[in-house]
Amino acid sequence: MNPSAEPSPETLATLVKILAGFNKTGTELKPETRFTEDLNFDSLVVMEFIAVVEDDFEISVPMNILPDVATVKDLALAVDKILKDDGR
Amino acid sequence: MADLFDRWAPLRAQRDALFGEGINPFNVVMDEVLSQTEAMIGGRCTILVGTNNYLGLTFQPEALKAAHDALDACGTGTTGSRMANGTYYGHKELEAALCDFFAKSHAMVFSTGFLANQGILSTLMGPEDFILMDADCHASIYDGVRGSSAQVIRFKHNDPADLDKRLSRLADKPGNKLIVVEGIYSMLGDKAPMAEFVAVKKKYENVYLLSDEAHSMGVCGRYGRGVPEEAGVEDDVDFIVGTFSKSVGTVGGFCVSNHPSFDTLRLVTRAYIFTASLPPSVVASATVNLKIIKNGGVLRKRIERNSEQLHSGLSALGLKIASDVSPVVAVVAPDPVTALAFWRGLIEAGVYVNLALPPATPFGYCLLRASICAAHTEEQLDRVIAIFAGVATKLGLIDTSAPKVAARA
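Line by line, the protein sequences give chains A and B. My numbering applies: residue 6 is where the first sequence begins, and numbers increase by one. My numbering applies: residue 34 is where the second sequence begins, and numbers increase by one.
Keep in mind the hints are simulated off the structure, nothing from the lab. All C-beta atoms in this analysis are idealised placements derived from N, C-alpha and C, irrespective of residue type, glycine included. It is possible that some hints are incorrect.
Once the Cα atoms are required to be at most 30 angstroms apart in a straight line, the calculated DSS-like pairs of lysine-lysine come out as [what the hints assert, rightly or not]:
id : chain 1 : residue 1 : chain 2 : residue 2
1  : A       : K22       : B       : K189
2  : B       : K427      : A       : K22
3  : B       : K198      : A       : K29
4  : B       : K353      : A       : K89
5  : B       : K236      : A       : K86
6  : B       : K427      : B       : K353
7  : B       : K327      : B       : K353
8  : B       : K353      : A       : K29
Just the calculated beta-carbon pair ranges, DEER-fashion [as the list claims (entries may be wrong)]:
id : chain 1 : residue 1 : chain 2 : residue 2 : range
9  : B       : T371      : A       : K89       : 37 to 43 angstroms
10 : B       : T109      : A       : G26       : 29 to 35 angstroms
11 : B       : K98       : A       : T41       : 26 to 32 angstroms
12 : B       : P367      : A       : A18       : 37 to 43 angstroms
13 : B       : R303      : A       : N45       : 33 to 39 angstroms
14 : A       : S9        : B       : G110      : 53 to 59 angstroms
Facing chain A, from chain B, some residues (calculated, C-beta under 10 angstroms) [what the hints assert, rightly or not]:
id : residue
15 : G75
16 : K98
17 : A168
18 : Q184
19 : F188
20 : K189
21 : D195
22 : K198
23 : R199
24 : G397
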């Protein structure tokens, strides 16, 4: 991910809203919140969470991008790119 | 500097704390194999209800003889890859036998089932393509798609509507799509709704379907060709991957297909090219057992009967079984500590099942995974059910004040 790029505030806000339902640790959800280290997500939770993200944004999030997604901001940037590639 | 293995320290600590000093379920040693259904474990004759030997063919006399003959004729190994010096006449005979068995025009034999999935799934689809896989697929499928240049999207387990939704989002994108499912899933024994998946596939253009029939080959369908045969949709399943290490009773993997250019995969599949081929004795026993399986209606009846006996016997005790009747009967335990105590109680009483813990299981289930063999006798399974009852009672998992239910209706 390009560290200087900023995701769209709408995408970020939607992700934070979805994440709230998966936030079992009570961690404050910020752009730099990390899925594995801060939220204790394991591969099964990631899968469920991504499925909700896909349905909410009506997009396909390929598994292939996940190794590059560590933080909420990373995912927001990835979602923005998918939306852009889809011409939305 | 951190040690190389430090990142697994939490897992080790968790397992050490769980297993303590007692027998480790993941380090069981069979000191002597007595038959398809019994072995000596820890000095005790133990009923094996945790193998994948569904048809009980590991000691099939004709296969034993063929293996011995091949060993004498061709030696202990090929010492080479299929592409170089590792293709003997036996490998070609086995591929012909697979074509005959599955009624498909092409077959490719790999050295294990894991390699068949890894090889096919990492190779088949290109950078413009998409793989849509069931979320509960086996590790070999996950490893395969990870090596693919295609985009990989998971859909909810056994959920054709969810697949449909995900395919519809890709409908406008160029590139081929491959749906990947399994006939029967190994952990819970649940079956794919194959006809429904085929119906979804047919709604869209350029969509292929691959099914891993590892646990259903030999078990489902009139001729043992698995869930696609049973569901009557074989022509719409474009690729079938499978293994010789379950019903076929030996080791090895394969993929069969009617695609006219299928043999191209021999030129480009690294797991086929860069590994040694199967030893001739293994190839010979697999070839013989395929014929036995094709005509194995009696064995399939026995599996059905045995599955029914174990499933209904354990259900009647009040234990929670993870799926409907199938050759895999997975009992759900409430937590890892109880699951381990259950497993140890069973092994100490002479019953071996598989212990399966998260993250290797769906829904975070802790499972006592029993699997059926056609060679299990009614008496053996009655004994298994009685031992489950004893251990479950001791652990307080079932209500002992309830009237005693016969093991079998």
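Among the hints numbered above, which are violated by the structure, and what are their numbers in rising order? 2, 4, 7, 9, 10, 11, 15 and 16
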